Structures are given as C-alpha cells and as structure tokens.
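Asker: Now for the letters of each chain:
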Amino acid sequence: MLRSETLDVELVRKDFPILKRRIHGKRLVYLDNAATSQKPKSVIDAIADFYRKHNANPHRGVHQLSIESTEAFDEGRKKAMSFIHASAFEEVVFTRSATESLNLVKYAWGRSHIRKGDLIVLTIMEHHSNMVPWQLLAKETGARIEYVGITTEGFLDYGRLERLMRESPRLVAFSHCSNLLGTINDAARICSLARRAGATTVVDAAQSVPHMKVDVQKLGCDFLAFSGHKMLGPTGIGVLYGRKALLQEMEPFESGGDMIKSVHISGAEWNDLPYKFEAGTQNVGGVVGLGAAIDYLESLGMEKVRSHEVELTSYALEEMSRVPGITVYGPRDASDRGGVVSFNLGDIHPHDLASILDEEGVAIRSGQHCAQPLTESLGLSATTRASFYVYNGRDDVDALMSALGKARRIFCL
Amino acid sequence: MSSSDIYRELILDYYRNPRNFGKLDPHDIDFKDSNPLCGDEVEIQVRVSPDKKIEDIRFFGKGCAISQASASMLTELAKGRPLEWVKELSKADILKMLGTTDLGPARTKCALLSMKVLKAGVYGYLGATLEDTTDH
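First to last, the sequence lines map onto chains Y and U.
At position 384 of the first sequence (counting the first as 1) the number is 384 in the working numbering, and the numbers step up by one without a gap.
At position 50 of the second sequence (counting the first as 1) the number is 50 in the working numbering, and the numbers step up by one without a gap.
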C-alpha cells in the first residue's frame, strides 16, 4: 500500500530517525513540510562528520584542515549549482535563509536600481518574505507596488499581469509555488513577459526547489531564492541564485571578512563572485548538510519526488472532498499544485483543529502561514495546512482523515 | 488531562454563543490586544461604577474557541467585581474557569489573552504601571 508507483515510502522512512518518535503515544504523522522538512540520517551524519573530522575556517589558512573545509564548502556550492542548473559557480551565493537571499537582492540590487516612481509588480500570494522587503524598498525609494491577484480557482490572474507589463515595471517578484494554495505559477511565462517588459525578475522558490526539478536556465529568471531546511537540509543555510552579469555590477550586501580582496585605510576592493556577498565566516557545516540533502534528493530522483507528491496530493484532495463541512482552497487538479493542501473544517478554528490533530500525532500548520494578504483576500482569518514530502504515504493521509473525524465529533459537526 | 478534553460542551457553547459579546456604549475602559502567533484578537470594554466596580462589560474579537470562550467567561466572572479584583487575577484562575489545569505552552497564550487585555485596560484606567499583566 505504501509503495507508490514512484517512491518506496517504507524504505524512505527508514532513513529519517525522527519518524520513529511517538507523539502523545501515537505514530508521528508529519504533515508540516512546507514549514520545514525532517532530515535523513545521511544529512545528520554529514554534518557531524564535518565537525568531527574536517572543521576549520575556510579560505583562510594554509593548514590541512582549512584546505579540507574549503573543499567541503566548494563541493556544496557545486552541488547546489548543478541542482538548479546554474551556469556558473559564481552564480550561487550562500545566505542563511531564503528570506536573507531576498533581502540581499533588495539591498544590493534594489537600492541602486529602483527609483522614485518605478513600478514593482508582486502577487497577492507572496509569503511575507517576498513582500515586506519590496514594501520597504518602495517606501525608501518612492517606488510604487502593484499586486497581481488570483482567480477563483486559485491561479494567478495572468491577464492582469500582462496588463501591468505594459506599464514598464522595473521589478517583478513572485513565488514559484504558493505556500498556502499550493498553486504552481508558470515561472517561465512570467519571466519571459517581465524580460520583454524590461523588468528584472526575482523568484521565491522556497516551495518549489525542494519538490520538483527547477532549472534556472529554463525559467529565465534573474534571481531565485530557496532555503536548505525545507529540502531535507539543516536550518541556517539558504541560497541565492543570481545571473552573473547582475551580481557582478552589484555592490556588496554585508561587509567585513571574506568579502574583500584588499583593505586599505583609504578603502577596500571587493572579492570575486560569489564571495563578494558572503561576509564573515560562513556556515560550512550548513553547506555540507545542504550538499548531503541534495545528494539524497538526487538519489531518489526529483521527477519521482514530484510524481509521488502529485499522487499523494491527489489522494488527499479526493479523500477530503468526502468530509462534510470542509472547504479546500487552491487549484482542484493536483498536477497544478505542490504538495500543499489548505482547508477549513466547519466553524472549527484552525488552532483548535491543530490541537486536536496534534493529540493524534498529526503535525499540521494552522494560521496565516506568513501569507496574511492572501488569507485576507480569501476572506479568511486563518487556515489549516497539510503539506507532504518524500516520507509521507497514503497512511498519513488516512491518519489525517481519521483525526479530522475526531475533530468533527468533538465539535459536534 | 489531554488537550482536547478542553473542548467540552461548555467551552463550545461559549465559543458558538458568546455571552457579553459586542460593544459597550458608553464605556470607561477600552483595550484591545492580539496574539501574534495565532492571530487571536480580543477587545474588552468596561463601564466603571462610581465605587470603582465593573458595572458592565463586553468583549469583541475573533479567534480560536479557547481564546473566545475564555474572553466570554471572563466577562461573566468579572461583572460586578471591584477593579482591584482584576489586579489579583492569575493564570490559575483562568485555567480553573476553563475547567482545566494545564493547556500546554502554545494554547495557554490563547486562554490568557482576555485576562491580559482586561488587566491592561484596568491598569491603564487606574493609572498604575503595567508591570504584572501576564503573570507567568
């Protein structure tokens, strides 16, 4: 039953030590993957192994450990580079999170390229991380922001987007996959429209890179951000992809150690890419962990990861449609969405629902999912969200359904 | 006690049919706060009698069953009491009012939001400093 046509879930689960945990005496059913993913043993071991055997400050010493640490750091960057099909090593900048990656673009590109009266185009479905930096930038520069809304089925309003392109925007920032609706946006189409309009594109890929094959060449984006912890890697490591030509002309983000070539009393010369944007001692352990996570995902195959999630989401949507009083948000067809299903059940507030589900060992997210404007535009104050990953199977969806049944009984629905 | 035991008939009744829900005019105290984690919102308005008692009280808000039932029950408990009584209110009093002893850290915040709002309002009215409104 657990062997989907694409992944052997039973086998995958053996690689994740945390899944052996009991929660309130029940099997852990972890369905909060859009918030963060669990880590396979290979990632945990790679990080421990780095600190046990190879730890030193990279790029600084000539001693053996520093050389090994530098190699480990470079190796991780090469893995990230090939994972998203970046064309050069220099195009992959390490940050501490997707949020920091987006802020890097705001500071190092935005402040020197966005001027008073310029148009910034965002979508209503952005995570706060890809909305608030641009709102601040607009406030600082006097630029204006226009938002692309959604259709009743939860797709972006491409007609509105196309009309906005006629107003010559300077920047178009959007999420590849909505963390609330699950909607996968046609990033290649948006980037192409934006490019023709002369705009620079920023893609928030925090919900797509972990779950599907993402090729920055095919998307044709200028910047793309994602984080390690949502893709089986550790917390505290993020990636910014940037087109080399853009990164080259940009001024640094943070300044200090490692990002400089030479420092004199009269000033400093910046280091080469990508180091220009990596000030201070870097999170080498995090990069090693991210590299191990990429290895793990590639061993499963990203196409299989994607089809597994489509299959599971499809099953979940079907099962949920039978629950009386439930409202499910986002596109109906699982192939149009990531493995994210947000819903409401009768008049049960999502936090109450989350408490009842937790007691059954089912971990889900409740609230606004850092997407308050989208939540409000749906006329809601909160939703409950189940999100899937490689170790989830139909039995997890079944456990969710049975816990929802319990909630309905408790609330007399 | 398991956390879902809190959702007894009484709590659900207060959630679905909240007592003292709405606005109070005129009022002497009006305070509002929210729980940033959950988005629960509670606003409490109080009319104070000449002898510094809670003559009338209403609450307004939205959020989970625990936060809203707790606010409604608190208004019933507080009505007619001296303002000084509000100062003495504690976490234990609220949990007792809800018929539980422990809700866990995440949900305790929901339960205590209305007490925090009422205390802040009363302290503000009395012109006292706001030094003990959360009572952890």
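Hints in this document: simulated from the structure, not taken from any laboratory.
Be careful, since some hints might not be right.
[As the list claims (entries may be wrong)] 16 Å max Cα-Cα, derived EDC-like pairs, lysine to aspartate or glutamate:
1) LYS406/Y <-> ASP347/Y
2) LYS304/Y <-> ASP8/Y
3) LYS53/U <-> ASP93/U
4) LYS62/U <-> GLU376/Y
5) LYS53/U <-> ASP5/U
6) LYS62/U <-> ASP8/Y
7) LYS406/Y <-> ASP28/U
8) LYS139/Y <-> GLU162/Y
9) LYS78/Y <-> ASP215/Y
10) LYS20/Y <-> GLU10/Y
11) LYS406/Y <-> ASP5/U
12) LYS79/U <-> ASP5/U
[What the hints assert, rightly or not] Covered stretches of chain Y (in silico footprint by chain U; criterion: 3 or more residues with CB under 8 Å from a CB of chain U, positions within the stretch not fixed):
13) 349-357
14) 400-413
Only a predicted model underlies this, so the values are computations on that prediction, with no experimental measurement involved.
Beta carbons: idealized from backbone N, C-alpha and C, even for Gly.
Asker: Hint by hint, note whether the structure agrees.
Answerer: For each hint, the structure was consulted:
1. LYS406/Y <-> ASP347/Y: Satisfied, since the Cα-Cα distance of roughly 15 Å is no more than 16 Å.
2. LYS304/Y <-> ASP8/Y: 10 Å, holds
3. LYS53/U <-> ASP93/U: 19 Å, violated
4. LYS62/U <-> GLU376/Y: This hinted pair holds, its Cα atoms lying about 14 Å apart.
5. LYS53/U <-> ASP5/U: Not satisfied, since the Cα-Cα distance of roughly 34 Å exceeds 16 Å.
6. LYS62/U <-> ASP8/Y: 44 Å, violated
7. LYS406/Y <-> ASP28/U: Between LYS406/Y and ASP28/U the Cα gap is close to 44 Å, so the pair fails against 16 Å, i.e. violated.
8. LYS139/Y <-> GLU162/Y: Violated: LYS139/Y and GLU162/Y sit about 25 Å apart, past 16 Å.
9. LYS78/Y <-> ASP215/Y: 15 Å, holds
10. LYS20/Y <-> GLU10/Y: 12 Å, holds
11. LYS406/Y <-> ASP5/U: Given pair LYS406/Y, ASP5/U holds - Cα atoms ~12 Å apart, limit 16 Å.
12. LYS79/U <-> ASP5/U: 27 Å, violated
13. 349-357: Per the Cβ count (6), the hint holds.
14. 400-413: holds (count 4)
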